[in-house]
Amino acid sequence: MKNKRYAMVLDTRRCIDCKACTVACKAENHVPLGRDNYRNWVTQEELRGSYPRLGQSFTPGQCMHCGNSPCDHICPTRATGVNPDGIVTVDYDKCIGCKYCMTACPYNARYFNEEKGAVDKCTFCAHRIYGDGRSPACAETCPTKVRVFGDLNDPDSEVSRLLASRPYRVEQPDKGTKPFLFYLM
Amino acid sequence: MTTSAQKTLRLLWYGLLAFGLAAGLYGAAFMLRHGHEEAFNVTREIPWGILISSYEYFMAASAGLLILANMAHVFGREDFRPLARRALVLALFTMTAAFAIMAAEIAHPLRMVLYALISPNPASPLIWVGVCYGLYGAVLLGQLLADLTGRRELLKPLGILALIVSVAVLTNMGAILGVAKARPLWYGPFMPLYFAVSGLVSSGALLSLAAWFGDRPGRSGRNDASLNALGRFQGLALAALAVLMIWKLVGGLYGAPPGKYEATLALTSGPLAVNFWFFEILLGLVLPLGLLLGRPFRSPFSVMIAGVMVSLGVFAMRYDLIVAGQMVPVRRGADGLVNGLLQYSPSSIEIALVVGAASLCLLLYSLCLRLPKVAGRAD
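Here the protein sequences come in this chain order: A and B.
Quick note: the first sequence, position 112, residue 112 per the working numbering, numbers continuous.
In short: position in the second sequence from 1, add 185, done, that's the working numbering.
Do not rely on the hints blindly, as some may be mistaken.
With the C-beta cut set under 8 Å, the calculated list includes, among others, these residues of chain A facing chain B [what the hints assert, rightly or not]: (1) Cys18; (2) Ala20; (3) Thr22; (4) Thr43; (5) Gln44; (6) Cys105; (7) Lys145.
A few chain B residues that don't get close to chain A, going by computed Cβ distances all over 12 Å [unchecked claim]: (8) Gln191; (9) Ala203; (10) Trp313; (11) Gly315; (12) Arg336; (13) Ala367; (14) Leu394; (15) Leu548.
Calculated directly from the structure, the hints in this document are not laboratory data.
All C-beta atoms in this analysis are idealised placements derived from N, C-alpha and C, irrespective of residue type, glycine included.
Sequences and hints are given; from them, build the entire structure.
And the structure:
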């Protein structure tokens, strides 16, 4: 049987910037308080138009679980690894806190978790996926269903069907990281 | 100089170093008690600050010093011979300062050693830097021991090895930045070359200070012929660095390459402009080049003055490079931007740690030169 390849598809037109995903992530993954400590985020894009005809979009983001991960290449002690299903992980016991991965990530997806004494990031809530097969907390909690999580190697999965039916983009394709967060257009 | 004046100067010198060391110890104690987050001003967007830039300054200077130590042993440059042992000792202690800073910067230095051995990632430039440091330390200590114990026949073969590992250290240090595609200011093959040349420049500057101020604080023991030779070498190395700087600027501005352009502007007209124009360019390049290449100005004294200026200039250069490379946000929507740039200034604890490491280096060097065995052949 073919390996799974996990990915996330985001329909940013549905995002209302409620930040429930950020709160759910913090609660689920025990992310400490503090400005720098978060695994996912919502970018408020620039206002469009002029008053009174204004528009704004919001772009949620997190670790892109890249197919060509700079963090994985440069981690000196293999603390960062990539599972066969594409989830980019951090082994906290191996992390030496050099922060090289933080400088190498073009998405600023990593932060230093002082409580863990290691660099931390989104794992697609791997403990939920491998535990009882639940979706990541951010996807499950989103009231407008911006995020859809699933297996790209399964042609019948929702993520596969969405990417087959709608055009999409990825963040910073010029960096060559082959991200697995897909934004529907 | 009278004996009592020498004694006073020596007391002042050691008092200053003791103060610097105490500041460093306070910084280390604060960091251990309160953690990096509270002690350092680095952020998730700018994770590397003055500790990394200072570590690079000392380590690159160390590698350059080992190259200069072997100008006589390998290339037969006799005018460098009186400085050879001094360069080796200084290389050892600048490396010590670099490692002390690295131990403070890295969250788990002991874990680093363990997992670098049992779980190395050969794709990581950091691992290769570690390999280079291991070889570098072994060759440096081996050559110093050979020199101190009179095993002169070993100096040349060890010197050839020393040249290879020093170049490897310098270029690998540059490669750490050069492979970071997320940071356009750093990315590319320029960094290894830049580190090699700037490492030689900073080591020449430190060695000229060591040569001028003699083997003991307050007592002149300088060798003018060596200083003149060092001055000529420094002039050429600085000219090479100036050429690299010009093309670094042109490459950063021409056609406004995304990310690189904004970072270059941060240097030339942004928050780092004073550092860049005054310390890097004026103090670090233009004035010393004038002193060393302008025949009417060239003298042992001007070599020493150029050494002071270049030491400050290259220190600022390392800081500017590290900070400017991270000031441009890598993704949209970052908060705390000023004129589109992220902000960083070192905390007092970070500064204290750098002062402590520099004082440690100078203290060890000064004490070491009081040993007759070490000081004996100096100059």
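Verification of the supplied hints:
1. The restraint placing Cys18 of chain A at the interface with chain B is violated, with a minimum CB-CB distance near 16 Å, outside the 8 Å limit.
2. The interface hint given for Ala20 of chain A is violated, since its Cβ lies 18 Å from the closest Cβ of chain B, which is over the 8 Å cut-off.
3. Hint on Thr22 of chain A is violated. Least Cβ distance to chain B is approximately 13 Å, over the 8 Å limit.
4. A cut of 8 Å between beta carbons decides the hint on Thr43 of chain A: the least distance to chain B is about 3 Å, and the hint holds.
5. A least Cβ separation of about 6 Å between Gln44 of chain A and chain B falls short of the 8 Å threshold, and the interface hint therefore holds.
6. Interface hint status for Cys105 of chain A: upheld, as the beta-carbon distance to the closest one in chain B is roughly 6 Å, under 8 Å.
7. Annotation: Lys145 of chain A was flagged as interfacial toward chain B, and the flag is violated, the nearest CB pair being 22 Å apart, outside 8 Å.
8. Distance to chain A confirms Gln191 of chain B as a non-interface residue, since its nearest Cβ pair spans about 45 Å, more than 12 Å.
9. Non-interface status of Ala203 of chain B relative to chain A is upheld: no Cβ of that chain comes within 12 Å, the nearest being about 30 Å off.
10. Separation of Trp313 of chain B from chain A is inadequate, the least Cβ-Cβ distance of about 9 Å not exceeding the 12 Å criterion.
11. With 12 Å as the threshold on Cβ separation, the claim that Gly315 of chain B sits away from chain A is violated: the shortest Cβ distance comes to roughly 7 Å.
12. A cut-off of 12 Å between C-beta atoms confirms that Arg336 of chain B is not in contact with chain A; the least separation is 35 Å.
13. With a least beta-carbon separation of about 4 Å from chain A, Ala367 of chain B fails to lie farther than 12 Å from that chain, contradicting its non-interface assignment.
14. The claim that Leu394 of chain B is not at the interface with chain A holds, since no C-beta of that chain comes within 12 Å of its own (minimum 31 Å).
15. Every CB of chain A lies more than 12 Å from the CB of Leu548 of chain B, the least distance being 27 Å, so the non-interface label holds.
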